[in-house]
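**Q** Let the sequences and hints guide you as you build the complete structure.
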Amino acid sequence: MSLPLVVFLPFLGAIAAPLFAQGGRTAIAIASSVPALIALAALFPHWETLAGGGTVLASYEWLPALGLSFSFRLDGLALLFALLILLIGLLIILYARYYLKPAENVGKFYALLLCFKGSMLGIVLSGNLLLMLIFWELTSLTSFLLISFWNHKQDARRGARMALAVTGGGGLALLAGILLIGNIVGSYELDDVLAAGDLIKSHALYPVALTLVLLGAFTKSAQFPFHFWLPHAMQAPTPVSAYLHSATMVKAGVFLMARLYPALAGTEQWFYMVSFTGMATLLIGAYVAMFKHDLKGLLAHSTVSHLGLITLLFGMGTKLAAVAAVFHVINHATFKASLFMAAGIIDHETGTRDMRQINGLWRYMPHTATLAMVAASSMAGVPLLNGFLSKEMFFAESLQLNLPGGLAWLPPLVATLAGIFAVAYSARFVHDVFFNGKPVNLPIYPPHEPPRYMKIPVEILVFACIMVGMFPAFSIGPLLYAASYATLGGEVPDYHLTILHGINLPLMMSVAAFVGGLLMYSQRQKFFDFHARFREIDEKAVFESVVSWLVDLAHRFTGAIENGSLQRYAMLLVVSVIAVALVPLSTMGVFVGENGLSPVDWPTAIAAGVLILCAIATAIGHRERFIALVLLSVVGLVVALAFARFSAPDLAMTQLSVEVVTIVLLMLALYYMPSWTPHESTGGRRLRDLVLALVAGGGMTLVTLAMLTQPFSSISQFFLENSKPGGGGTNVVNVILVDFRGFDTLGEITVLAIAALGIYAMLKDTALTPPPGDGQGHPWTRDAHPLMLKQIARPMLPLALMVSVYIFLRGHNLPGGGFIAGLVTSVALIIQYIASGMTWTQDRIPVKYHNVIGLGLLFATVAGAGSFAFGYPFLTSTFDYISWPVVGKFEVASALIFDLGVYLTVIGATLLALVSIGRLSPHSAIKSPREKS
Amino acid sequence: MELIFALVIGTLTATGVYLLLRARTFPVVVGLTLLSYGVNLFLFSTGRLATGQQPVLGSAETYSDPLPQALVLTAIVIGFAMTAFVVVLSLRNLADNEDDHVDGRQPQPTEPSKREREAGSK
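Just so you know, the protein sequences line up as chains H and D, in that order. For the first sequence, the UniProt record's numbering gives the first residue as 1, with consecutive numbering after it. For the second sequence, the UniProt record's numbering gives the first residue as 1, with consecutive numbering after it.
Do not take every clue at face value.
With the Cβ distance kept under 10 Å, some of the chain D side facing chain H (calculated, not the full set) [stated by the list, open to error]:
1. Ile4
2. Leu34
3. Val56
4. Pro68
Since the hints were made in silico from the structure, they are not lab data. The beta-carbon is built from N, C-alpha and C at its ideal position, and this holds for glycine as well.
**A** Encoded structure:
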């Protein structure tokens with residue numbers, strides 16, 4: 001339980017902390033410290049297990065089908081990082097209390113900081129790679145929000161965007177890499193992956209998986225050529241830079257390499273990719289740091305360089321190098337975080353970070369200066385400080401690296417060169433800021449020491465630097481052992497945490513680095529002149545231009561595809577469907593399957609001929625809209641006949657009644673529309689459409705033919721067998737609709753209702769004046785409601801209603817049912833509207849069709865939910881038989897209530913749609929009063 | 001018989017697609033209706049063509065496949081709802097734009113595209 005607690009408490013804290021913002025900065029800082037304190041207390045009892053190389057596991061199921069679990073795993077490496085995150089986090093909270101101004105949004109700052117802390121703890125404590133990836137992405141997001149904390153600054157927004165783009169892109173690569181690893185191993189659980197190192201490394205996909213994982217690690221840890229985002233992330237408030245961009249988040253990439261070290265490391269590919277990337281980053285970062293005038297810029301590039309150093313150590317592949325890498329993670333975090341804090345104090349007290357302005361601060365803030373000087377010495381690798389120890393280990397390892405092709409001299413040379421640069425920029429940090437004359441044009445003058453408590457975090461970190469530097473075995477030995485043990489997966493090599501190993505080559509390299517670095521700094525003007533001869537690449541400008549080029553490309557693509565023309569979209573849609581369908585179709589060859597063709601049945605063939613002719617005539621004569629409509633209705637009627645012919649009486653009845661309603665609907669619409677379609681399309685356009693139509697039609701013919709002549713098997717035997725015993729009806733189609741697939745039907749009548757309500761809403765406040773006559777200029781007939789039609793329609797109504805009730809009731813056993821009965825009722829009512837006018841009919845049917853729809857849906861839902869009362873799932877139906885006088889034995893199924901809902905919804909939706917259109921006409925409203933009188 | 005049935009579906013598709021690509025709303029609605037006839041017939045025919053085997057228990061020796069029929073039955077009704085919706089959409093288009101072109105306006109070849117207009121206003 002304690003592990004998930006450690007991870008999730010900061011998130012809870014992020015919710016709670018802003019509530020304390022009212023109480024001032026001290027209150028919120030104290031509140032924000034609580035999760036870390038509890039977490040430390042929760043981790044403490046596990047120390048005994050971890051010190052001996054054990055692990056602590058806590059696993060909860062989440063999505064087992066995807067291999068994703070809430071699995072947490074604590075070992076020495078995770079503990080080391082967790083301690084860094086928690087302890088430095090506490091110091092940052094204290095520091096930020098004084099760094100932030102009271103007017104700033106302190107609540108937001110601490111909430112984001114806690115979110116970040118939780119995410120970072122999630123990365124290091126995850127026992128499942130997918131879970132780790134979620135936290136990995138969360139750190140990218142929270143880092144984005146923290147860099148852009150001062151979001152009124154354009155530079156901050158751009159820096160944040162750049163960081164998100166680079167680390168987010170790396171996160172995608174990492175996702176792909178992890179999926180590959182999971183695929184190879186068959187599990188995402190860290191224990192399984194770590195145990196399957198040989199399997200992974202011998203797999204054909206190993207190079208791909210490794211490259212992807214390393215892309216994720218390199219982007220996160222700002223390795224060359226992805227390092228450029230880190231200096232631009234320095235737009236963040238300094239506590240963020242100290243915490244995320246030096247001590248913790250940028251170490252996530254390094255952590256990943258350490259975490260997966262047993263699973264991925266030890267191959268030639270690992271060696272070359274990781275060590276050369278590390279070498280390049282080490283050198284470039286250290287070189288550029290020399291020339292930065294911005295205090296934080298110098299530290300950022302130095303961070304890049306040190307991350308390169310750690311990467312290089314991991315890349316070397318020896319066990320001692322891995323131990324050195326873990327050790328340097330600790331050391332770098334302590335001295336760099338304290339340096340950032342010192343830089344923040346200087347910025348805070350002088351109002352600038354430009355080293356050309358900041359000089360001679362020793363006189364104004366000797367206390368801060370002392371602390372910064374000790375930390376900078378550690379960065380340079382001065383003996384008796386922690387930076388020296390890991391640097392010596394690094395030098396020693398660089399000598400062991402036997403690069404083939406006579407390149408063995410390269411790593412030690414790179415290491416010494418980077419050492420020289422490091423000494424030079426550390427010297428610059430100390431000398432330029434605290435000595436070197438007097439301050440120049442400081443915005444805040446004279447500077448003085450910061451508040452007492454603002455220095456405490458720096459003091460603690462500097463104290464740690466000294467303690468580790470002087471008594472390494474005592475202070476850090478056990479933790480380093482546990483972390484190294486976990487990194488290497490057991491078998492820690494012999495190493496000695498002593499200050500001096502005697503006069504040896506690494507020591508000579510250190511001496512060379514010192515002499516060279518100090519020389520370089522004393523001759524810095526020459527180097528500055530040399531450096532100034534090269535034009536500096538502004539990564540931000542390059543990045544922005546790449547981004548705007550991409551955005552532009554997307555715009556152009558969208559503009560080319562989406563120009564606002566529906567006609568064009570329809571064309572593209574048809575073309576894409578044809579393109580997709582043609583591929584399998586073209587490989588088929590034979591289109592008549594095993595079953596062959598059945599003999600032609602002439603009456604049916606003649607009907608089919610009528611249908612084909614009418615369909616073609618509709619297309620050819622579509623300009624005469626009324627004629628096209630009449631021809632269309634013939635097509636619909638033949639379709640109904642086809643259903644009847646091929647054993648689908650329910651479909652035939654449905655098609656027939658829908659046909660009537662559709663044609664009435666289109667007639668109504670045509671009343672308002674031009675009755676004639678103008679010639680518009682060019683001949684070329686018509687030819688193109690004709691070709692598309694013929695290809696589509698031909699394709700459908702072949703597909704249908706191929707399908708119809710294939711043997712097939714169906715799941716319908718189940719429905720046929722269970723229709724009577726399970727659903728209590730013999731009309732299997734109806735039983736499927738109201739029983740087996742009742743939930744589908746409920747969804748479908750809901751769609752129907754929504755469509756009808758949409759129609760009502762669209763036409764509610766719309767007025768359309770119909771043209772005064774038809775296309776040929778004939779005026780409309782004055783006799784809107786002919787007497788004959790009226791006289792026939794009225795007695796028809798009760799008859800039609802009776803038929804619909806009959807169809808409804810028998811539906812469960814014989815063709816019929818709610819859909820068909822509803823349509824028949826609708827047709828009967830619509831005929832009254834046509835025959836007698838809107839107002840006359842509305843007066844006699846005082847029903848709001850919205851309510852009918854609502855009632856219908858209610859019936860259907862209640863009928864479904866009713867089964868809950870008897871402990872059955874939704875829409876379970878029951879049935880019984882009762883004897884009615886005259887009718888005889890009659891079966892009553894609960895599905896009948898459901899079908900009643902269908903019936904009502906169909907009526908309501910159909911009539912609401914048609915009446916809405918009919919109401920548009922001012923004609924009917926004027927006519928009706930006369931009709932009444 | 002299968003060939004004739006396939007030809008029917010092919011014709012409905014071809015005429016439907018041709019009308020779908022027209023410039024005015026009414027032919028497009030008619031085209032959609034034809035296309036939906038074709039699609040319904042196609043879906044229905046996945047249960048194969050059988051005569052005199054309606055899936056009403058006790059009415060025949062063997063029964064045709066009831067499942068596609070149930071699917072098509074609701075498809076017909078939903079198809080009607082969608083047709084009605086599209087018709088009303090085109091009526092609303094007519095009311096708002098006083099034009100029944102599917103693009104909401106007559107094509108004007110000289111009119112600059114949206115992007116060009118944006119670029120011009122910058």
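**Q** So, for every hint listed, does it hold in this structure?
**A** Now the hints, each set against the structure:
no. : hint  : verdict
1   : Ile4  : holds (5 Å)
2   : Leu34 : holds (6 Å)
3   : Val56 : holds (5 Å)
4   : Pro68 : holds (9 Å)
The structure shown violates none of the earlier numbered hints.
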